[in-house]
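Going by this note's numbering, the residue at position 100 of the sequence shown is 105; the numbering climbs one at a time, nothing skipped.
Warning: the hint list may mix true and false statements.
Across the chosen pairs, the derived CB separations fall in these ranges [as the list claims (entries may be wrong)]: (1) Thr121 / Glu44: 16 to 24 Å; (2) Asn145 / Gly79: 13 to 21 Å; (3) Lys69 / His143: 16 to 24 Å; (4) Asp24 / Gly50: 20 to 28 Å; (5) Glu47 / Tyr71: 14 to 22 Å; (6) Gly97 / Gln132: 24 to 32 Å.
The set of hints was computed from the structure by calculation and includes no laboratory data.
From the three backbone atoms N, C-alpha and C, an ideal C-beta is built for every residue, glycine too.
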Amino acid sequence: MEKAILIFTSILTLISCSDEIDLDKEIKTEFTFDQLPEELKEIYGSNFPIRNDSIDYYVFSLDKDYNLNHYWTGMNKQLLTKGFNHHFVINGKEFKLGANQGDPFVLWDKKLYYSTELNLAQNNFTQAKFIEIDLTEHLNE
């Protein structure tokens, strides 16, 4: 019984110590391609050389003062697997975003942008919806 309590306490401690900001809980603004700023249209309108799969993602930071890194967690290439998340590290701050969000992920003007389409390589960017999450509050802390 003592081992079970120790394990349970350890798990709770690890979970509560996570400093990752959950982007799924942040306010999102939706845009069409035509509503995007020109800098973003240039990226999202690009004809990507290969069809992207679930292990490689296009990630761009247009903010010269912010370094954007990405990794993902989940089992194999199962995008629908429970527990799959995108993780972003921006100048040491950690963020996570649930599965089934399309890349490229772009940081611009302290805002993270991504598509609702899972594969823009098929040139469907003009019909795609794009999401903006303002990270200003978190990046200025």
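Each hint tested on the structure:
{"no.": "1", "hint": "Thr121 / Glu44: 16 to 24 Å", "result": "20 Å, holds"}
{"no.": "2", "hint": "Asn145 / Gly79: 13 to 21 Å", "result": "31 Å, violated"}
{"no.": "3", "hint": "Lys69 / His143: 16 to 24 Å", "result": "18 Å, holds"}
{"no.": "4", "hint": "Asp24 / Gly50: 20 to 28 Å", "result": "35 Å, violated"}
{"no.": "5", "hint": "Glu47 / Tyr71: 14 to 22 Å", "result": "19 Å, holds"}
{"no.": "6", "hint": "Gly97 / Gln132: 24 to 32 Å", "result": "36 Å, violated"}
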